[in-house]
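What follows is the residue order along each chain.
There are 2 protein chains.
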Amino acid sequence: MEDTYGNLIASLAKKNDQRIVLLVMDGVGDCDNDGKGTALQQAKTPNLDRLAETSALGLSMPVDVGITPGSGPGHLGLFGYDPLIYKVGRGVLSALGIEFKITDRDVAARLNFCTIDADGNVTDRRAGRIGDDENKRVLEKIRAGLKPPAGVEVLFETVAEHRALMVIRGDDLDDDIGETDPQATGVPPLRADRPPHTGKTAVIVAEIIDQVRAILEGEKKANMILARGFAKFPSWPTFAERFQLNPAAVAGYPMYRGVARLVGMPVVSQPTTAADICTETVKALADHTFVFSHFKYTDKTGEDGDLAGKIQRIEEMDAALPALLDAKPDVLLITGDHSTPPSLKAHSWHPVPVLMAAPHLRGGDGAPFDEVHCRSGQIGTIFAKQLIPLAMAHAEKLEKFGA
Amino acid sequence: MEDTYGNLIASLAKKNDQRIVLLVMDGVGDCDNDGKGTALQQAKTPNLDRLAETSALGLSMPVDVGITPGSGPGHLGLFGYDPLIYKVGRGVLSALGIEFKITDRDVAARLNFCTIDADGNVTDRRAGRIGDDENKRVLEKIRAGLKPPAGVEVLFETVAEHRALMVIRGDDLDDDIGETDPQATGVPPLRADRPPHTGKTAVIVAEIIDQVRAILEGEKKANMILARGFAKFPSWPTFAERFQLNPAAVAGYPMYRGVARLVGMPVVSQPTTAADICTETVKALADHTFVFSHFKYTDKTGEDGDLAGKIQRIEEMDAALPALLDAKPDVLLITGDHSTPPSLKAHSWHPVPVLMAAPHLRGGDGAPFDEVHCRSGQIGTIFAKQLIPLAMAHAEKLEKFGA
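The listed protein sequences derive, respectively, from chains A and B.
With my numbering applied, the first sequence corresponds to residues 22 to 424, in that order.
With my numbering applied, the second sequence corresponds to residues 22 to 424, in that order.
Just so you know, these hints were derived from the structure itself, not from any lab.
It is possible that some hints are incorrect.
Intra- or inter-copy, both count: the list cannot distinguish identical chains.
[Unchecked claim] Derived DSS-like pairs (lysine-lysine); straight-line CA-CA distance at most 30 Å:
#1 Lys242 / Lys65
#2 Lys242 / Lys421
#3 Lys108 / Lys35
#4 Lys108 / Lys36
#5 Lys421 / Lys57
#6 Lys321 / Lys253
#7 Lys57 / Lys122
#8 Lys421 / Lys35
#9 Lys321 / Lys421
#10 Lys168 / Lys349
#11 Lys317 / Lys349
#12 Lys157 / Lys168
Just so it is clear, the structure is predicted and the values come from calculations on it, not from any experiment.
Construct all of the structure, not just a fragment, from the sequences and the given hints.
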């Protein structure tokens, strides 16, 4: 699929000194809660609402109608990379999520410990959901016993419970490797080097897994591994190249520092509270024309089904906002990477409220910042990947198309 | 053209027990009638309006801006098959329209009887619009006289007036056959086997048409046939495969049973009145996770230019609706496959009102169900092919995209 829109924007991007801030309130969107409205509707947000009065409002579609994005696709969209074109494998996302420093010589895979019986058939695809400590103990045993195949390093890291990360590091590796999880019990794991996956790297991975099986023999629960989502660190145009912006990320959680790194965006600060995020963003504006600032707790409370907590976190960001507004960024985008309704305790497909404070608007939309008022705002409902280009337009960072 | 969205939805679809109903009021959309509003605006629809208050509203674009769909593309869109990708030939649609049981060994074509002169030039492309009885008489003469080429059966069915269906049945047939209608008078019909259409099936069809010409020699009006829209029954992913739903169609008219069959949707009942459609839909919900229910008369009255009739048919469906609502489907979509304004006496390009009663909404849209209020509803204006994915999202039948 060709990146028509992204390439067009890249061809028109130009530098100037105007500053753009993208403040992501992770998972901020919601649906109604028992007739009492969304978290944004229920929260007392005088600063956001005052800003919304004079701003452009709209809704951001992370991927497409009905599609619920994970954090990777959700942020890539906001960064202006179409998540249906710029796909990132689970192995790489696992590495980003634990802040493993993945390099371009690496192939990463997500591992599950599993249990196999005497015949080699999988009896439990999650090894009885062993705890983190058991995971670490078994990984240490693998590290001690494994003889890396010639020319590669093999690295393992605990993720959580039965989940781990495996990274093969070496020259000229590829990610054409068979997933070994049979997605069923009563059958043996698949081989990584089964046809059509018969290249050098697949053979290396199959050999590693054979060794791991021998090393884990005798373990009661975690006596085998299943590997999937083999992926190389993608070589995409960096955010700086693509948009002619000098970007900085202000993000306290590993996954979001990781997705920033995917597009070559340096992380300049790692705050987690709303107040710290706003003050660190102001600092970053001193020498960056673009700052991505990430606030995690609106998503976390949504995932926990904690409506009151989500409302409180929104109010915290509202209270912190004046410090950022005082710095007068030329364009300020406030939105989320997806919705996380507490009633679903999960990410959702609902389009996400967007507020853009910027010059050259068609007046302010004169409404508070919430899902319902954003629907009729001047931005309309657009794709997340279109937000940075829109902000760039308002910051006069896009040349005219054609003469 | 790659079916990016459809393939993505198919890759995320998962089964659960929630029930989705798609109630199609064929051609329900309208434009204004002499300043008095659309049929939906003029109809008294207390049940629809009460439901709309607590539902999501929007508009469905059948194909794209300005495009008027036929019944085939209109329904394929609603079934989640992009009508610009999943194209169905006129021959197959003709077969579906008269409920001819087309098989995957068939090539179907739409026939027009025409009149040719002594030199073999077409003088009337519609044979003076002969009536159905004359059509049947002449077809019987062809059936009696034709000697099928080796290895094939040749089947004919009257459609109406000068229109008929021809089906060639045999092994390894293809539909690379030249259309024989010259689209003009004063010139001879084209040959089905003219280059580049020189394959086995084209040669067979040309031979059949030569025989028909000889058989019809001496007829005054219908002394030749013109064939177009040669098409095989398409082999598409079935609705059940694509969406992991267990579908049923409740449809009283042949064309709609036919398009259901195109996507492998079994027809479980054939009611035609609003009341019967609602009660049969409830029955079908007992053992299906998806029910498509089709109400024809809102389109028929539109095609007849009968505004009062269209209003009355809408009111009939409104009155019947409580029986369906009592069954509490998890998600209920009410819309049309296109608009059929009585003032146009034809299908039109206007986007079609949609109502979705579902969990996880952003509140109800608090407005009556009509073209104007639907415009500002929370669904927005989306493509028809996105409605089933959206309903699936609300029924929690779609996995998250990416991690």
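Structure-based check of each hint:
For the homomeric pair Lys242 and Lys65, neither the shortest alpha-carbon distance inside one copy (49 Å) nor that between copies (66 Å) is at most 30 Å. Taking CA atoms no more than 30 Å apart as the test, Lys242 paired with Lys421 passes between copies only; the shortest distance there is 29 Å, against 62 Å inside one copy. Within a single copy, Lys108 and Lys35 get their C-alpha atoms as close as 26 Å, and across copies as close as 21 Å, so both meet the 30 Å cut-off. When the C-alpha separation of Lys108 and Lys36 is checked against a cutoff of 30 Å, the pair qualifies both within a copy, at 28 Å, and between copies, at 25 Å.
In this assembly of identical chains, Lys421 and Lys57 lie within 30 Å of each other by CA distance solely across copies; the values are 27 Å between and 46 Å within a copy. Taking the closest pair of Cα atoms, Lys321 and Lys253 come within 30 Å of each other only inside a single copy of the chain (29 Å); across copies the shortest separation is 53 Å, beyond that limit. For a Cα distance limit of 30 Å, the shortest separation of Lys57 from Lys122 qualifies neither inside one copy, at 44 Å, nor across copies, at 53 Å. For the homomeric pair Lys421 and Lys35, the shortest alpha-carbon distance inside one copy (11 Å) is at most 30 Å, but the shortest distance between copies (36 Å) is not.
Within a single copy, Lys321 and Lys421 get their C-alpha atoms only as close as 41 Å, which misses the 30 Å cut-off; across copies the closest is 17 Å, which meets it. Neither within a single protomer nor between protomers do Lys168 and Lys349 lie at most 30 Å apart by alpha-carbon distance, with minima of 57 Å and 61 Å respectively. Only within a single protomer do Lys317 and Lys349 lie at most 30 Å apart by alpha-carbon distance; the minimum there is 23 Å, versus 37 Å between protomers. Taking the shortest Cα distances, Lys157 and Lys168 sit within 30 Å of each other inside one copy (19 Å), while across copies they are farther apart (80 Å).
When each numbered hint is compared with the structure, violations occur for hints 1, 7, 10.
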